[in-house]
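*Asks:* The chain contents come next:
There are 4 protein chains.
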Amino acid sequence: YGKNTIKFLRLHREGKKHFVKEVEVCTHLRLTSAQEYLEGNNSIVIPTDTIKNIVLVLAKKNGIPSLEQFAMDICNHFMTTFCQVAYVKTYIQEVPWQRLHENGVPHIHSFIFVPDGIRFCEAEQCRNGPLVVFAGIKDLKLMKTTQSGFEGFYKNEHTTLPERHDRILCGELFCKWSYGECKDFDFDCIWYMNKIRECILEAFSGPPDCGQYSPSYQKTVNCIQMLVLSKVPQVQVIEVVLNNTFYNVLDMKNLGLTNDKEVLIPVEAPHGSCACTLGRKQFFEA
Amino acid sequence: YGKNTIKFLRLHREGKKHFVKEVEVCTHLRLTSAQEYLEGNNSIVIPTDTIKNIVLVLAKKNGIPSLEQFAMDICNHFMTTFCQVAYVKTYIQEVPWQRLHENGVPHIHSFIFVPDGIRFCEAEQCRNGPLVVFAGIKDLKLMKTTQSGFEGFYKNEHTTLPERHDRILCGELFCKWSYGECKDFDFDCIWYMNKIRECILEAFSGPPDCGQYSPSYQKTVNCIQMLVLSKVPQVQVIEVVLNNTFYNVLDMKNLGLTNDKEVLIPVEAPHGSCACTLGRKQFFEA
Amino acid sequence: YGKNTIKFLRLHREGKKHFVKEVEVCTHLRLTSAQEYLEGNNSIVIPTDTIKNIVLVLAKKNGIPSLEQFAMDICNHFMTTFCQVAYVKTYIQEVPWQRLHENGVPHIHSFIFVPDGIRFCEAEQCRNGPLVVFAGIKDLKLMKTTQSGFEGFYKNEHTTLPERHDRILCGELFCKWSYGECKDFDFDCIWYMNKIRECILEAFSGPPDCGQYSPSYQKTVNCIQMLVLSKVPQVQVIEVVLNNTFYNVLDMKNLGLTNDKEVLIPVEAPHGSCACTLGRKQFFEA
Amino acid sequence: YGKNTIKFLRLHREGKKHFVKEVEVCTHLRLTSAQEYLEGNNSIVIPTDTIKNIVLVLAKKNGIPSLEQFAMDICNHFMTTFCQVAYVKTYIQEVPWQRLHENGVPHIHSFIFVPDGIRFCEAEQCRNGPLVVFAGIKDLKLMKTTQSGFEGFYKNEHTTLPERHDRILCGELFCKWSYGECKDFDFDCIWYMNKIRECILEAFSGPPDCGQYSPSYQKTVNCIQMLVLSKVPQVQVIEVVLNNTFYNVLDMKNLGLTNDKEVLIPVEAPHGSCACTLGRKQFFEA
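Protein chains in written order, with the UniProt record's numbering: chain R, 1 to 286; chain G, 1 to 286; chain E, 1 to 286; chain L, 1 to 286.
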C-alpha cells in the first residue's frame, strides 16, 4: 500500500535566481505483518497521510539534489525509522519545466513547460537487502521519415503486409536502466556528462547528414541499448520499449492522383509494441 | 513484441436480434531467438500486422463465445502454428455496450455505452507450459458515505491525520483473479452463475439496510477477496487494488458555518493505494 | 473571469438513508469596469477564491435541490450582492453516482459511478436582463447495428463513399435545451415526469421490436429534437450534436474470407459531426 | 455538420532534406437548405467522407505552405465548388514536430515531438461574405516564481484569501487573434518576423534579469494583448485566456518546520480562469 501522485514544487533560490523542481512521488510500503488485512488491526499501519508528510518534510529539509538521490533519501528514511517496514519503493517523475530564455539570455525566475520526454527514477529496498536505483525517460516521441524498412520477415496465409524498404518510423520511447547496487553516484552528473538523452536520440536517428538504416523496430531498440551501455559505464541493465505509430501511405488512385509518400495517415490503433531488456553480460556475449 | 489495442466489433445475429461484442485485444510474443534484435535478421519475425490479421480471422471464424475462450483460442493458434514462438500472452478488454431497454422491453439492435466497470481477461502460455487464464474487472468506482473509519494506527512526529470513525470511503477497484491451469470452463457461466460482480459490490457495501463497518481500506480489500474465494470455487488466487479518493470535510468555521459532513471536497492527488493478492492456501490458513 | 471545476460532494441524510450530489461548478463574471485589466486596479475584483467560497456556502445552506435551481441560486446571489457584476454565468455538471442495489433492494449509503450520459445545466444573467436556464445531457454514447443507411447524397469526382442502406450508426450525443425565461419550474420533476432521457433514447432507437430506419445522422438528430419538443412543453429550443464513430466492414477477401458485416473496425479519427438547433417557431413551421 | 480530426502528415522533400507538417483538420459546412434534417432528403448533402477526401487532395496538390494558407485554400474550394454551401469553417492545428539537432547540426530527416504550445488557425466564410482568418497558440504553460501578487481586491464576509505580494504565477495560455479580412499575407513570415511567440513569453515574464511585477492575472493578460497588438500590425483583435494553477505554500507548522515558500502544492481543481478580448480601437483609447 502507499501514496500515489504526491505532487509538489520545490523552489530553491540563489540570490535573485530561482530554481524549480516539480515532481510527482509515489511511495509504497510492505509491512512485516498482514494483520491489518486479515484482522483490521491498524496498530503498525503508517497512514498514507503520514507517508505524504514524510516526503514533503524530506523535500523541505534536504531539497531535491537529484531525483535519484531524493528517492534514495525517502527509502532510507522509511527503512531506518520504521522497523515494521519490510519493503519500500519510491517512484519519482519530474514535471518538465525549463528555464525561459529571451534572446539567448536565461530568465532568473520564469519557466516554460516542455514535455519532450519525462525523466523518472525508482528506488527500492527490502529489509537487509541492497538499495537499488533505476532511472529513465518516458513519453519521448521521435520520428524519422526515411532510412527505415521491414523486409525478409516470416510469411504465411495470414500475411498481408508488403515488404518495404522506405517507410516512416515513428514511436514513443520508454527507456529505463538500472544503476545496480548504488554507490555514491552523482546522478545528474552521469545524466549530463554522459549525455544519456543525446545517446538515445543519436541511436534512433543516426548521423545528421544521412541517418542510419533501421531494418526493424527491434534492431532500433537494440541500437539504443547498445549505445547507452557502451557510453555510460554506470548503467548495468537497460530496458527499452518502443510503441510505434504506423503511417499509412494513402492510396489516392481512386481520386486520380499518384501519392509518392507525400500524404500519410497516422494509424493510432492498433499500434505495434516492441520491448527488450539488455544487460552487460548479454552485451559482451553479443 | 506484439500488437496493442486491436479494436473491433463482432456482430452476431439471431434472426432479427443482434448481439455485439466490441473488444480491444493486445497480443504479445517472445520468439525462440533474438537474432532480429541483435542482427536485424527478420526471417522468423511474425509481423505485428500478421498478428492483427490472425486475431481478426479468429474472431470471424469462431466468434467471441467469451473473452476468456477467445483469448485461449488466440494463444492456442500461435503456439500450434508457429514453432518459433516461445511465449504468447493475450489481453482482452470489453467495450461496455449494454442492450437498451424501452419500458422494460429489450431492444433488438440498440445499445448504450455504460462504463461502470470494465471486464477483461488475460491468457498466457510458455512453450511446453500450461495455458493460464486470468479474468477481472477494472475501473469500478464505488462510494459509501458512512460505515468507514480509520483508527488505532501507528503514530509519530510526522502524523497529522486525526483518528476517524465516520468517513467517506470512495475508490476505484481493480480485481484480477486466476482460474489456474484451465480445464473446460464455461467462463461466462462462472461469471453470471457465481455473480462475481455482485460479490464484489456486496463485500464493499455490506447489507443494504445497514452496511458493514470498514476499519481500513486494507480490510475492505481483504473482505472482497475472501467473499470471491468463498463463493467462486474456480478462482485460485485473487488480486485486488483499491485506489481511494479522499473526501475532505471542508472547514467552514472562518465562513461562520458548522459543516456537519455536509460539504466535502474530493482530493484527487495524492491518492492512497492499497493492493493485496490472496490465494487459496493463505485463505484456509487465515 | 471566474473559477472553473469547483468540485464538491453535498451529502444529505434522512435518518439512516443518505443522498449524494457530487458536482463540478464553473462560475464566471463580467464586471462593470475593466480597470483591473487596464490599470491593474483590483478594488472591485471579487477574487476567484471568494467565488469558490460563495458556491460552497450556498451548497451548505440551501443544499442542491436540483442542478438548475442551484445554478439559479448562484446567479441570484452574485447579482443581488455585488453591484459591480454586469454578467454572471454558472455551469454545473453532475458526477454520475447511482445508488447501489442488492437483489433489487436499494442500499442506504452505497453508490456506484455509472457514466452513461452526464447531466448538466447552465444559468446566465445580464444586469437588468432575465435569468435564462439551460439543461442538457452529454457524453451519451449509443449504437444501433442496423436500420441505418445513407443514400442519394451529392456526388462528384471527390466522392468515394458507396451508398449504403444497412450500416452501423454509433455516436456520442450532446443535447442542450433552453427553458427560456425561468418561472418557478421544478426542474427535476420536468426531467423525470417527461422522461427526457428516455425520449432521446427512443428517438435514436425506434421501437424495441423493429427499430426505425435512419436515412442520415441529420435526420436522427432532427427526430430527437422533434420528440423532445413535442413531449416536453417547457423546452423552448433544443440543440443536438452527434459525433459519430464510423464502423468499417473489414474487407477479408485477401484473407480468403467473406465478411458479412460480422467483423467491423471502429474508425475514431476522423469522425463526422452533425449539429442542429431547433426552436418552437421553426418546429411549428416545419 | 462536418468532419473533425482529419489527421495526416504532409511530407515534403528537397533533395535528401525532409520537411514534415502533421496536422489535424476540422471542416464544417452549413448548407443553404435544411431538407436533410427535416425530410431526410440527402440530395445536396456532401458526405463527410467527401469533405475528408477534398482536404487530403488539396494537401497533396498544394502542400501546406502555412496553416493559415491551407485553411483558406480549403474554404475557397468549398465556396467555389459547391453552390449549396452557405458557410464553411476550417480549423487546423499542428502536431508539434521539431527537427532534431545533434551537437547543433540539424538532422535531415529526424524529428522530435515538443508540445510547448500548439499553433492553430481558423478560417471562415459566409457566402457573399469576406474570408476571415484567425491564428493562435494554445496549451502554452508558463510559470514565474516571483514578481506576482494580488492585493487591494474587494472583500466581504466570504473572503478568506489573504493579500499577497509574492506568489507563484502559473498558467496555461490560449491566445487567438484575427488578421481581419485577409489580403495576401505570408502568415508564417508574420509569425516568425514579428516573433509573436516571443512577444507572448516576454509579456508574461518581463526582462530576464529582473522580471516585471504582475498585480493580477487580468493585468498579465492585458500586457500580452498590448504587446502583440503593438508589435504585430496585422493583428486586428486578440483574445487571451489564462487558466491559472494556484500553488499553495504548504503550512508545515504542525510538522515543526517553517516553510519559506520552499515547498508548494499545486491546486489543479478548482482553477481560476481569466479571459479578455482586445481590439485596435479599444487599444488606442486605452
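Each hint should be verified, as a subset may be incorrect.
All copies of an identical chain are treated as equivalent in the list; a pair is satisfied when it fits inside any one copy or across any two copies.
What the hints assert, rightly or not - BS3-like mimics (lysine-lysine), calculated; alpha carbons at most 25 Å apart, straight line: (1) K16 <-> K61; (2) K261 <-> K138; (3) K89 <-> K138; (4) K7 <-> K21; (5) K155 <-> K176.
These aren't lab readings, by the way, just hints derived from the structure by calculation.
*Asks:* If a hint holds in the structure, say so; if it does not, say that too.
*Replies:* Here's how the hints hold up against the structure:
no.	hint	result
1	K16 <-> K61	within (21 Å within a copy, 47 Å between copies)
2	K261 <-> K138	neither (29 Å within a copy, 30 Å between copies)
3	K89 <-> K138	both (19 Å within a copy, 24 Å between copies)
4	K7 <-> K21	within (11 Å within a copy, 28 Å between copies)
5	K155 <-> K176	neither (33 Å within a copy, 36 Å between copies)
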